[in-house]
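**Student:** My request is simple: use the sequences and hints to build the entire structure.
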Amino acid sequence: MNDILALFRTVRARHFLIAAALAFIALFLVLPLVAVFTEALSKGFAAYGSALIEPDALAAVKLTLLVAAISVPVNIVFGICAAWAVAKFDFPGKSLLVTFIDLPFSVSPVVAGLIYVLLFGAQGWLGPWLQDRDIQIIFAVPGIVLATVFVTFPFVARELIPLMNEQGRDDEEAALSLGASGFQTFLRVTLPNIRWGLLYGVLLCNARAMGEFGAVSVVSGHLRGLTNTMPLHVEILYNEYNFVAAFAVASLLALLALVTLILKSIVEWRFDYHRRSVAH
Amino acid sequence: MIRLENISKRFGGYQALHDIDLDVRDGEFLALLGPSGSGKTTLLRIIAGLAFPDKGTVRFNAEDVTNLKVADRKVGFVFQHYALFKHMTVADNVGFGLSVRSRRERPAKEAIRARAEELLELVQLKGLGNRYPAQLSGGQRQRVALARALAVEPQLLLLDEPFGALDAQVRKELRRWLRQLHGQMGLTSIFVTHDQEEALELADRVVVMDHGVIEQVGTPEDVYMAPHSPFVSNFVGETNSLPVSVRGGQTQFFDRVIDVPANTIPDGAARLDFRPHDVTVCDERPGCLPLLVTGVYRRGGEWRVEGEVTGIDRIIEVDLDAGQAPPEIGKRLGIKVKHAKLFQLSEARQ
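Line by line, the protein sequences give chains A and B. Per our numbering, the first sequence starts with residue 890, numbered consecutively. Per our numbering, the second sequence starts with residue 2, numbered consecutively.
Hints should not be assumed to be uniformly reliable.
Claimed, not checked - If you anchor each label on the Cβ, the simulated ranges turn out as follows:
1) B:G128 to A:L1080: 25 to 35 angstroms
2) A:R1159 to B:E119: 26 to 36 angstroms
3) A:L1115 to B:D55: 55 to 65 angstroms
4) B:E119 to A:L1152: 48 to 58 angstroms
5) B:Q185 to A:F1072: 47 to 57 angstroms
6) B:G28 to A:L1152: 48 to 58 angstroms
Stated by the list, open to error - Covered stretches of chain B (chain A as the covering partner; in silico rule of three or more C-beta atoms under 8 angstroms from a C-beta of chain A):
7) 96 to 102
8) 331 to 339
Treat the hints as calculated values from the structure; they're not laboratory data. For each residue, glycine too, the CB sits at the ideal point set by N, CA and C.
**Tutor:** This is the structure in structure tokens:
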């Protein structure tokens, strides 16, 4: 009798937990997503479309793509180098390097932006030197790229370090012993071994690069059509009570998030499959 | 011929190898035998060019290759855990060494594939070229690793614990097969093992190592029958040790004289080592060792008798002919040591 009661309780507990989780997701994730699209389409598809092809909106989309197109490859190179160094070699200061890689996660993005203003701004350390040479970093595209690179640089490295650590050096040594050059070894042995982890890191890195607000907001200067990325443009439009346009641009970011989510699930699934097949 | 001169290697504060001198003859099957931490794997990696000595020279046929990288030494290396490339098929794994050659020396794709098939046939894995390593058993993976190493036609084959990760049955089969392959291909092979049985069974010569130094180099027969040091005697084969003293060519265990000649050992403390099978029963006569039987079990054609000897706290093991009745547990048994090895002990070693 007690057993049945206990079973009933666990069944009830399970239902309760599942319902709570679903309700939470609906309230905090699905509802806002639906709201974004309803608001964006509240004046019909024509208004939605014209909000997107408006020159400032197009400029914001272009700038966002440009920033991602620069910062993601930079972080791929940096992430692979850092992970390689940490996983395959022993050197003094290794744990310090690992700690520093995590720094952008623990620092507020606004602070990250301010660091660059402090360094490259007109009153900053390197400001006068840059001004003499007519180089503009803050309130210009280079500053936005720098801030984005800073904020996104742990993603690839963090994903690869444990993976490469686990894989050890045997495969690389085997390739070298068979006469492969260092580059051949990297291309034909290391890269295939880390490809799924790398792809996963790149997806997260890209999503963050396109969605970053805080750090970019500080260094951008909000020049319409020049230094506004999509998240900044959304904010400006919203502050101007231009809700349809704001939500239309926001819906693009939301779509990006959905695509990232789907790709991420596919990669995770492949990654798991790959790992399982490796672990005999 | 491979000649190692004065090889030393340090890892931080740990001396992994200490002034190693070793010659390896052409066509030889050599075992590096030792417990973990003896430096045997480090030595193998230095011969391969995967690690570099702090001091000393490595010569291949009188040519100094000490600073040559692994890719330039033309050695085949088989890793303990095989290190197969898991994203490549078995055939691509085997052909890897050929496919990374410079354009001028690289055979055509079909030629590489054909060579891979040939090697797979040699290692008895014909028809498995299109599988992935994850689809193979441990023994099969080991043979793929071997075929891959042989594809670049090395003069020297180096194997790190080649049978370590396999179960007993597969291990035995693979051992015999490897021995055969070695002879057939005319290779010089060096393998690392901590399993003395494996070393004695496979190798032409055994290099026994401990704490970064070579304790003894010799044929399995030498190493087993005439160990140079207490360590070798203990590590290679089963050994019973008794603390004894030598006085005027006589061996004494406490105040009992034992029938083992000690003419070559100076007076003083010594260690008497004997194998379980080097004994006969001799009743309680002078010159014999009294053994209190604590256990008997059958071991093939012999009785393995475990017993205690007054004065030491270790169990003594001896083998007696199973054609006779086993000794009773609790009985005293006189043991005569037929063949033994005496080691003079320095004061510190006691």
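**Student:** Decide, hint by hint, whether the structure agrees.
**Tutor:** Going through the hints against the structure:
| no. | hint | verdict |
| --- | --- | --- |
| 1 | B:G128 to A:L1080: 25 to 35 angstroms | holds, 30 angstroms |
| 2 | A:R1159 to B:E119: 26 to 36 angstroms | holds, 34 angstroms |
| 3 | A:L1115 to B:D55: 55 to 65 angstroms | holds, 60 angstroms |
| 4 | B:E119 to A:L1152: 48 to 58 angstroms | violated, 43 angstroms |
| 5 | B:Q185 to A:F1072: 47 to 57 angstroms | violated, 36 angstroms |
| 6 | B:G28 to A:L1152: 48 to 58 angstroms | holds, 57 angstroms |
| 7 | 96 to 102 | holds (count 4) |
| 8 | 331 to 339 | violated (count 0) |
Going through the hint list in order, the structure does not satisfy hints 4, 5, 8.
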